[in-house]
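S.K.: Top to bottom, those sequences are chains A and B. Quick note on our numbering: the first sequence kicks off at 1 and runs consecutively. Quick note on our numbering: the second sequence kicks off at 1 and runs consecutively.
Hint data in this document are derived by calculation from the structure and do not stem from the laboratory. Worth double-checking, as some hints may not be accurate.
To be verified - One side of the interface only, derived from the structure: several residues of chain B facing chain A at Cβ under 10 angstroms:
id, residue
1, T432
2, E463
3, G464
Claimed, not checked - For lysine to aspartate or glutamate, the following EDC-like pairs were computed, each having C-alpha atoms within a straight-line distance of at most 20 angstroms:
id, chain 1, residue 1, chain 2, residue 2
4, B, K439, A, E168
5, A, K166, B, D438
6, B, K439, A, D236
7, B, K166, A, D438
8, B, K321, B, E463
9, B, K439, B, E136
10, B, K439, A, D425
Beta carbons: idealized from backbone N, C-alpha and C, even for Gly.
The residues making up each chain are set out below.
There are 2 protein chains.
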Amino acid sequence: MRVPLPRRLGALVVALSFALPLSAQEGGTRIPDEAIGTAVALRDSAMAGTGAFGIVESLTTEIGPRMAGTEADARAVAWAEERFRALGYDRVRLEPVTFPVWHRGHERAEVVAPFPQPLLITALGGSVGTGGEAIEAEVVRFGSLDELKAADPASVRGRIAFIDQKMERFRDGRGYGRVVGARSQGANEASRHGARAVLIRSIGTDSARMPHTGMMRYADDVTPIPAAALSIPDADQLARILERGQPVRVRLDIDAETRGEYTSHNVIGEIVGSERPDEIVFIGGHLDSWDLGTGAIDDGAGIAITMEAGRLIAALPERPKRTVRVIAFANEEQGLIGAYAYAREHGGDIARQIIGAESDFGAGRIYALRAGVKPEAREAIARIGEVLAPIGIAYEAEGGSPGPDVGPMVQRGMAWAQLAQDGTDYFDYHHTANDTLDKIEPAALDQQVAAYAVFAYLAAEAEGDFGSAPRTGGD
Amino acid sequence: MRVPLPRRLGALVVALSFALPLSAQEGGTRIPDEAIGTAVALRDSAMAGTGAFGIVESLTTEIGPRMAGTEADARAVAWAEERFRALGYDRVRLEPVTFPVWHRGHERAEVVAPFPQPLLITALGGSVGTGGEAIEAEVVRFGSLDELKAADPASVRGRIAFIDQKMERFRDGRGYGRVVGARSQGANEASRHGARAVLIRSIGTDSARMPHTGMMRYADDVTPIPAAALSIPDADQLARILERGQPVRVRLDIDAETRGEYTSHNVIGEIVGSERPDEIVFIGGHLDSWDLGTGAIDDGAGIAITMEAGRLIAALPERPKRTVRVIAFANEEQGLIGAYAYAREHGGDIARQIIGAESDFGAGRIYALRAGVKPEAREAIARIGEVLAPIGIAYEAEGGSPGPDVGPMVQRGMAWAQLAQDGTDYFDYHHTANDTLDKIEPAALDQQVAAYAVFAYLAAEAEGDFGSAPRTGGD
Numbered sequence: 001m002r003v004p005l006p007r008r009l010g011a012l013v014v015a016l017s018f019a020l021p022l023s024a025q026e027g028g029t030r031i032p033d034e035a036i037g038t039a040v041a042l043r044d045s046a047m048a049g050t051g052a053f054g055i056v057e058s059l060t061t062e063i064g065p066r067m068a069g070t071e072a073d074a075r076a077v078a079w080a081e082e083r084f085r086a087l088g089y090d091r092v093r094l095e096p097v098t099f100p101v102w103h104r105g106h107e108r109a110e111v112v113a114p115f116p117q118p119l120l121i122t123a124l125g126g127s128v129g130t131g132g133e134a135i136e137a138e139v140v141r142f143g144s145l146d147e148l149k150a151a152d153p154a155s156v157r158g159r160i161a162f163i164d165q166k167m168e169r170f171r172d173g174r175g176y177g178r179v180v181g182a183r184s185q186g187a188n189e190a191s192r193h194g195a196r197a198v199l200i201r202s203i204g205t206d207s208a209r210m211p212h213t214g215m216m217r218y219a220d221d222v223t224p225i226p227a228a229a230l231s232i233p234d235a236d237q238l239a240r241i242l243e244r245g246q247p248v249r250v251r252l253d254i255d256a257e258t259r260g261e262y263t264s265h266n267v268i269g270e271i272v273g274s275e276r277p278d279e280i281v282f283i284g285g286h287l288d289s290w291d292l293g294t295g296a297i298d299d300g301a302g303i304a305i306t307m308e309a310g311r312l313i314a315a316l317p318e319r320p321k322r323t324v325r326v327i328a329f330a331n332e333e334q335g336l337i338g339a340y341a342y343a344r345e346h347g348g349d350i351a352r353q354i355i356g357a358e359s360d361f362g363a364g365r366i367y368a369l370r371a372g373v374k375p376e377a378r379e380a381i382a383r384i385g386e387v388l389a390p391i392g393i394a395y396e397a398e399g400g401s402p403g404p405d406v407g408p409m410v411q412r413g414m415a416w417a418q419l420a421q422d423g424t425d426y427f428d429y430h431h432t433a434n435d436t437l438d439k440i441e442p443a444a445l446d447q448q449v450a451a452y453a454v455f456a457y458l459a460a461e462a463e464g465d466f467g468s469a470p471r472t473g474g475d
Numbered sequence: 001m002r003v004p005l006p007r008r009l010g011a012l013v014v015a016l017s018f019a020l021p022l023s024a025q026e027g028g029t030r031i032p033d034e035a036i037g038t039a040v041a042l043r044d045s046a047m048a049g050t051g052a053f054g055i056v057e058s059l060t061t062e063i064g065p066r067m068a069g070t071e072a073d074a075r076a077v078a079w080a081e082e083r084f085r086a087l088g089y090d091r092v093r094l095e096p097v098t099f100p101v102w103h104r105g106h107e108r109a110e111v112v113a114p115f116p117q118p119l120l121i122t123a124l125g126g127s128v129g130t131g132g133e134a135i136e137a138e139v140v141r142f143g144s145l146d147e148l149k150a151a152d153p154a155s156v157r158g159r160i161a162f163i164d165q166k167m168e169r170f171r172d173g174r175g176y177g178r179v180v181g182a183r184s185q186g187a188n189e190a191s192r193h194g195a196r197a198v199l200i201r202s203i204g205t206d207s208a209r210m211p212h213t214g215m216m217r218y219a220d221d222v223t224p225i226p227a228a229a230l231s232i233p234d235a236d237q238l239a240r241i242l243e244r245g246q247p248v249r250v251r252l253d254i255d256a257e258t259r260g261e262y263t264s265h266n267v268i269g270e271i272v273g274s275e276r277p278d279e280i281v282f283i284g285g286h287l288d289s290w291d292l293g294t295g296a297i298d299d300g301a302g303i304a305i306t307m308e309a310g311r312l313i314a315a316l317p318e319r320p321k322r323t324v325r326v327i328a329f330a331n332e333e334q335g336l337i338g339a340y341a342y343a344r345e346h347g348g349d350i351a352r353q354i355i356g357a358e359s360d361f362g363a364g365r366i367y368a369l370r371a372g373v374k375p376e377a378r379e380a381i382a383r384i385g386e387v388l389a390p391i392g393i394a395y396e397a398e399g400g401s402p403g404p405d406v407g408p409m410v411q412r413g414m415a416w417a418q419l420a421q422d423g424t425d426y427f428d429y430h431h432t433a434n435d436t437l438d439k440i441e442p443a444a445l446d447q448q449v450a451a452y453a454v455f456a457y458l459a460a461e462a463e464g465d466f467g468s469a470p471r472t473g474g475d
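Just chain A, same shape as in the assembly (with noise of 0.2 angstroms):
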């Protein structure tokens, strides 16, 4: 999971939540009776166990890191590949994602004066490198990146900007997009301000010492300065440092930089509908992760679970009336380019992309069912909460935002539903190394392929869509 929504997809949402009341429309979409039966035996069915825990362990494992571009990246897509085959989808095919290629090497940093002593950096995805050499440079620090926009350029020219701002702890971590700013503006901030490099106190709501990597681009009209995080204890160590009054200067030794052009795929699998085979309800996760961590909880697990959603639907005697789609998005982490190429690829015809989910929020339990359709389809929307709160998932009418990857399609005109994990401790391990498959608990797993089984079923079973339509006009 990369980025906050938009703003204007964030406008959008509400536009098409509350364009008209919440009440039940006449002629509205319908969920069958007979459907329900079935659903409540999927959901009953994951409860007592699936094979989602196995699924994950085998990508981190067998898989590890792979990070978009690398050898591993191509690893991945076979191994999803093979193993859509495996889990009995009706066809597997591969759609390709290009992009740059961004790298990194080694990365150093250390407190100079006037305490001498290491300090743990990961360099931010995108950024330069130091050109071969370290830099050197007093620390001027801010306390947000809106200190730093603010701040006379004449005490951040030739200096290292060191952007300290906390992120909170909550639930759905709302935490996130209030200072994820730092990490993918605070280069172009502090190099318009003259600045030599940028450190940003990791977006991270841990206390390890592991720093948060993430992706930064430079805008067009600055020159590009490295980036890099600090783990949150050596972020407080800095900001405790500078606290004493004397100039503090930090030495950078960075190797990076995006060089060369990849191909990966998104991948994907369907179970074919029987009725209306070229209308799809898709649910899916990205199977890039940064390269720190072996992509456990971002995003092994949304990987793990949806496959394994679309596999208890393909294990039922009968075909359910729409596609249901699993995509395994390629490249999220730099800038969705998965998302975007099968936007491009599909979003043509956005009337048949009857709603989509994703999963990629960690491996916390769902708590909530929100969902961005046309009124008329809320009550069919409700129906399947109604299903699901037995597993503790309560359906709530207005707010939610879909998963990153279902953006771009959203941006175009599709209905969106949002299955809201619990994402308390997911923060503590986004884009570290320590995202790893000790931090996923196998029931909650389960859960969660219960809530997809049951929604993706249920939305291919409809009567009646849920309002996706090519937009038109402004938002």
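Got chain A; can you put chain B on it based on the hints?
M.R.: For chain B alone, coordinates are given in the frame of chain A:
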């Protein structure tokens, strides 16, 4: 904190504790009533807040990691000397401690086949490197050091031995002694079996991606081979990869060596006794740390607790009868080098070394007072326990062991006390990069300052001794 109590010393502890009935003895050691009032005031003052957190904040921020023999070792010694003076100690002095210097360079490991991916390791203290180039070999796993010992050398020869024994979590840390042999002796056993290197599962209780370092030592009869610890998630990962049944090849590239000698110092601060200045009650911690973290819980906390306890005693209107000595030991981590130097210097006059206690088990609250004293002094220890009871510390007449740096003096016959800390989470952070200031709760330090101040003050005021006497004969 480095090593469990040697077996010989354990036997001695039992001998001291149980040689005679534990009941009060005629003519036993007494705590004067008038001293109790002062001790209660010391306790209550400390519980209301102390400067201990500020001391460990200063040490970990201004010095940071301070591995024995590094330039930071010298800065730490200067820091301690200056700090003792600033805190109002009567006398401050340095005593030289000389040892060979172990250097850590880089350390890298990766699975080469069948599933290429990095593994996070750290070299064990004392280890040799891989000789300027990487070692690549097949891995063979053992569930314990004993399994390796029992293995057919043909199954180990030319391979990398992987010792994968789990450590259990206990309040008193007793899980450590059960498995630490893999660290201290793993390379010896592996080398005897013809292995090219040894990898151990970190001796720790966490699930963070943080390898735990710690000391090992080559036996005279073995060819030194590189020894490193995998983080616990990495050990799990390697075990999972091995479970697939294919040959697993790992590449190790470690730069480490022991070269040269260094002279550091035990730093000693004293509050000189008013009546019997040549009788010593000592408390202390160790000043060195491993290089990975900033040595906050191991053992900045112990330094801060005991320095601050001494300061509270120094701030009393009158000096206690005996001298209270606070010792910041040099190089505990690499083999109690400072403690042995201290024992050589002061162990000849053991009867005047009245009693000693070290704080070196993290920063968790103290829950028990135990002691290795003569039977006639049990009543006095129990009386000290009564003063500590209101702050959650129970006197336990049996069991316990002295802190590691107290050990060499106890071997010579010195009485000891143990203020047993809650070490439930100690081995989550022990010897890792994660041993940083944020792991310390300031109020817990205050409670420990209270305990050490009360103990040291009352031991210095006691009428009669605790049984320190030269050891004669075997154990």
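S.K.: It remains to establish, for every hint, whether it holds in the given structure.
M.R.: Verification of the supplied hints:
{"no.": "1", "hint": "T432", "verdict": "7 angstroms, holds"}
{"no.": "2", "hint": "E463", "verdict": "46 angstroms, violated"}
{"no.": "3", "hint": "G464", "verdict": "46 angstroms, violated"}
{"no.": "4", "hint": "B:K439 - A:E168", "verdict": "18 angstroms, holds"}
{"no.": "5", "hint": "A:K166 - B:D438", "verdict": "14 angstroms, holds"}
{"no.": "6", "hint": "B:K439 - A:D236", "verdict": "12 angstroms, holds"}
{"no.": "7", "hint": "B:K166 - A:D438", "verdict": "14 angstroms, holds"}
{"no.": "8", "hint": "B:K321 - B:E463", "verdict": "10 angstroms, holds"}
{"no.": "9", "hint": "B:K439 - B:E136", "verdict": "37 angstroms, violated"}
{"no.": "10", "hint": "B:K439 - A:D425", "verdict": "18 angstroms, holds"}
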